[in-house]
Amino acid sequence: MSESYEATVTDPVSAPMTCDSNPVEEWLRMDRMPHIWCPGCGIGTSVNCFTRAIEESSLDRKNIAIVSGIGCTGRVAGYLLLDSFHTTHGRALPFATGLKLASPKTKVVVYSGDGDLFAIGGNHFIHAARRNLDMTVLCVNNFNYGMTGGQVAPTTPEFAIASTTPYGSVERPFNLPYLAQSCGAVYVARWTVYHVKQLQRSIREALEKPGFTFIEMVAPCPTLFVRRNRLGDGLAALESYEENAVIKNGADTRECDLGMGGPIVCGKFVDIDRPSYLSNQVAHLRKVLGDRYVMPDAWQGVVQ
Amino acid sequence: MNADPRGVLTGSHFLDGDHAAAEGALAAGANFSAGYPITPSTEVVERLAGRFPFTGGTFIQMEDELAASIAIQGAVWGGSKALTVTSGPGFSLMMEHLGYGIMTETPFVLVDVQRGGPSTGLPTMPAQADMMQARWGSHGDYEIIALAPSSPQECFNLMIRAFNLSEKYRTPVLLMMDECVGHMLERVVIPSPEKIQIEPRRYTRKGPDEQYWPYSLEECNNGDLVPPLTKVGEGHFPHITGLTHDDRGYPAMNAKSQAVLLGRLVDKIRNNADDIITIEEDGTDDADVIVVSYGITARVCQPAISRARAEGHKVGFLRLVTVWPFPEKRIRELAGRVSAFVVPEMNLGQIVREVERCSQGRPKVRGVTHAGGAVHDPEEIYNAIREVMG
Ligand SMILES: Cc1ncc(C[n+]2csc(CCOP(=O)(O)OP(=O)(O)O)c2C)c(N)n1
Ligand code: SF4
Ligand SMILES: [Mg+2]
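Line order of the protein sequences matches chains A and B. Those letters in the first sequence? Residues 1 to 304, per our numbering, in order. Those letters in the second sequence? Residues 305 to 694, per our numbering, in order.
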């Protein structure tokens, strides 16, 4: 620890800088450590927020399943000590859909990368949001494909460099909160991994809310996106998030586009109520079929 | 275990193969299906969508076949018995998830009602041209189980058998129908539930606080290579991945783990080939020539065989009810005794290659190909029989 760093630790209530064990260890598969993520990668911070959020929430650990696609973020499922599924690239959402329909008592969390959820899996995302099946989608947006070496993603800001756009991407990226809202998500938020407290609280809210809930977690990929675009290291990226973040709960999602070096509008943008797929299904079949409707065994006592 | 009466529509019905297959799934205890419409398979899921609300099941139409073929696997880990149904183009899209099911040892049934291909091909007309895709269509090395019904009754029967095999060997099973059996109407007799044998899913006996590894043989008898399953919510916290993994289910990406895992995955099928394989034989004992066929073509052969027999020729018949794993032991035995095999199939030569491989150059092997769109003219099959008889 450098002297200048020690000198800045003056706040008496701040957490101790060292501890014997990882405070969220009980949620992790410690027998799989060390993990694969690079130093300074933002994925680990998001996992830290997630585990603290489930710890604080009212959820029973046995009834949480985590489903990931493929990518650096896709590896999250493999490190969490929960029922955990590492599926195929882009298909975490349809897997989660089947899982939820078969076991509605399970809180299904899809945790995956921006490429996984919005390029190869984009079609599944729009339909899952439209259906409003109960599930929480946590997307680590690191603006590129980390796992495969930093290729351009549907989230790469205009003119940013990626390995397959060596002179800069000219495509317009998705504005994820706007996309999620227009497809029907009932809860939409964006935070960066600099905003750990807000992110943690937001994840908890999303987990406890019925319906399709979505959080974009802006995170640095220091090895690829950050380095290639000469934005410094992981710490520098966090400093830029602090600087550029504009916290605006209830912001119009149409105004949440992300550009290189521009403002990062953060906050909770959408929090509405809409009948979920399961309750709608049961209510409708009861109406049209009456007593002849046989609810699936696993839905009894869970779906009203 | 007997069938759950909720799904069994006991009685004598006039059904096409697609509807009979749906009834077979219900009788087998299937309670989840995800699909995407495609001719000539759609009637299967249409019937399920209509019937499930009365049997405690769920159908969902997904946004594409990629989604359908993985949604069913999510459902299986959620505790359901599940199937998806498709045809050519959709079968191609499902290949990655067939591999995922094999690698993660997720039991389900995938139905391919074959139509003419490649590409969009002949949407409303039959073919049997996905037989090699069924065997090798997903990347990597694996063994697969595939059954080929010849009639609506058999669509019902083999659907139950497909589910039973998938549970017993904890693996996806393919039901390779074709447009003809899918759309032909015949009498289908559905027995009473106590006459239908169901292979129950084998779940681990471990309690929630005990350590459960999804790929450990700890709870298996000696020689049994099929680890018991769990499902979500049991407190076992399994990790399931399509990456090469160890007994714990944890990624283990090295040559040794790959050899151990793939070795077990293929051996659990290969070592049980005798249990899995069903073939039907008629007049093979003293045959000079044996006609080997499957699916609808096995029926189209019959007039040709009868005619040749009526002329005094010793023509045997062997029907592949199980196509994969291929009954190589039996074909090898017969290859030592006959002068020729004739292999009619509605493709340009797929299963005939297997017959050739097992024949090792001894008897003549004569394929009778057809590009699809219609069944063979029995005359062509008759001519092939006469030709090999010299
Ligand atoms: C069908 C298929 N296509 C391509 C790949 C290769 N691949 C693996 S991860 C990945 C991109 C992941 O990007 P993202 O979802 O943003 O995750 P990150 O690594 O950035 O967290 C790709 C293209 C694959 N595994 N499967
Ligand atoms: S490549 Fe990027 S996203 Fe992947 S672990 Fe490294 S820093 Fe994180
Ligand atoms: Mg990414």
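Please note: incorrect hints may appear among the correct ones.
Quick list of in silico lysine-lysine cross-link-like pairs, DSBU-like style, CA-CA up to 30 Å [said to hold, decoys possible]: (1) 618/B to 572/B; (2) 633/B to 62/A; (3) 105/A to 197/A; (4) 572/B to 633/B; (5) 62/A to 499/B; (6) 248/A to 287/A; (7) 105/A to 62/A; (8) 472/B to 499/B; (9) 560/B to 472/B; (10) 572/B to 105/A; (11) 248/A to 105/A; (12) 105/A to 560/B.
The set of hints was computed from the structure by calculation and includes no laboratory data.
Structure-based check of all given hints:
1. Distance check on the hinted pair: residue 618/B and residue 572/B sit about 38 Å apart at the alpha-carbon level, beyond 30 Å; violated.
2. Between residue 633/B and residue 62/A the CA atoms are separated by roughly 47 Å; this puts the pair beyond 30 Å, and the hint is violated.
3. For the hint linking residue 105/A to residue 197/A, the alpha-carbon distance of about 28 Å falls within 30 Å, and the restraint holds.
4. Taking the CA atoms of residue 572/B and residue 633/B, the gap is about 17 Å. The hint holds against a cut of 30 Å.
5. As the CA atoms of residue 62/A and residue 499/B are separated by approximately 38 Å, the hinted pair breaks the 30 Å bound.
6. A threshold of 30 Å between alpha carbons decides the hint, and for residue 248/A with residue 287/A the separation of about 42 Å lies outside it, so the pair is violated.
7. Using a Cα cut-off of 30 Å, the hinted pair residue 105/A and residue 62/A holds, with the two alpha carbons roughly 10 Å apart.
8. Of the pairs offered as hints, the one joining residue 472/B and residue 499/B holds, with about 19 Å between alpha carbons and a cut-off of 30 Å not exceeded.
9. Straight-line distance between C-alpha atoms of residue 560/B and residue 472/B comes to about 27 Å, which keeps the hinted pair within the 30 Å bound.
10. Taking the CA atoms of residue 572/B and residue 105/A, the gap is about 34 Å. The hint is violated against a cut of 30 Å.
11. Simply put, residue 248/A and residue 105/A have alpha-carbon atoms about 34 Å apart, too far for the 30 Å limit, and the pair is violated.
12. For the hint linking residue 105/A to residue 560/B, the alpha-carbon distance of about 39 Å lies beyond 30 Å, and the restraint is violated.
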